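Using the sequences and the hints given, assemble the complete structure.
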Amino acid sequence: EVQLVESGGGLVQPGGSLRLSCAASGFTFSSYSVNWVRQAPGKGLEWVSYISSSSSTIYYADSVKGRFTISRDNAKNSLYLQMNSLRDEDTAVYYCARAQVGAWLALDYWGQGTPVTVSS
Amino acid sequence: QSVLTQPPSASGTPGQRVTISCSGSSSNIGIYTVNWYQQLPGTAPILLIYTNNQRPSGVPDRFSGSKSGTSASLAISGLQSEDEADYYCAAWDGSLNGYVFGTGTKVSVL
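Quick mapping for you: the protein sequence lines, in order, are chains Y and D. Take the first sequence: its letter number 84 is residue 84 in the numbering used here, and every next letter is one higher. Take any residue in the second sequence, note its place counting from 1, add 120, and you have its number in the numbering used here.
Note that these hints are calculated values from the structure, not bench results. On a predicted model such as this, the values are computed, not experimentally measured, just so you know. Be a bit skeptical, because a hint or two may be false.
[Unchecked claim] Selected chain D positions facing chain Y (in silico; Cβ < 7 Å):
#: 1; residue: L167
#: 2; residue: N172
#: 3; residue: F183
#: 4; residue: Y219
Glycine is no exception: its CB is placed at the ideal position from the N, C-alpha and C atoms.
Okay, here's the thing in structure tokens:
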């Protein structure tokens, strides 16, 4: 069974940092690209970042470029999101999501999400 | 402000057909495929339609997708109470170099 389990969320002050993790199981993690998607309270979905299977290609949303860093460790079946210079508007539930092979950015499996609250 | 525009709400009675539109531009829907996601209250989204009109295994054939020019549509035929959810379209945007979600449509079953 494919599983994605996020962790690392919590309360952080504006300007602070947080590192999210996503543990993958039930599939060959190294063969899939993965993404971070967030959802602010009561708002819609917002794509945050993409990393290819080999980490050779990375994309970021303009809203997080220069502040967030996506990375992965295929040996540990894990995805990460290092978030620096956090702002109030980064408050959201953060999901990791796998991209289906052969269908550009069709996110076929999602984790349950980890909440991040940026507040003083 | 999303670059993909959806109506904020749609509704129908059980058994009816409901259609949700997704309006984009030449830099996203016009040249890239569209995916649709369903998000039930309090849960993570699930992939409903990919590559414009393909259904993942397990998705009922009541759900169908289409694309024409810079717009796409999701149709739900034979509406059921369990279809009450938020629906999002999504596509890559070549100008933004990023994946964009639509504004979302809340479907209510009357």
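Evaluated hints:
1. L167: Interface hint status for D:L167: holds (5 Å vs cutoff 7 Å).
2. N172: 10 Å, violated
3. F183: 14 Å, violated
4. Y219: Cβ of D:Y219 sits 4 Å from chain Y, so the hint holds.
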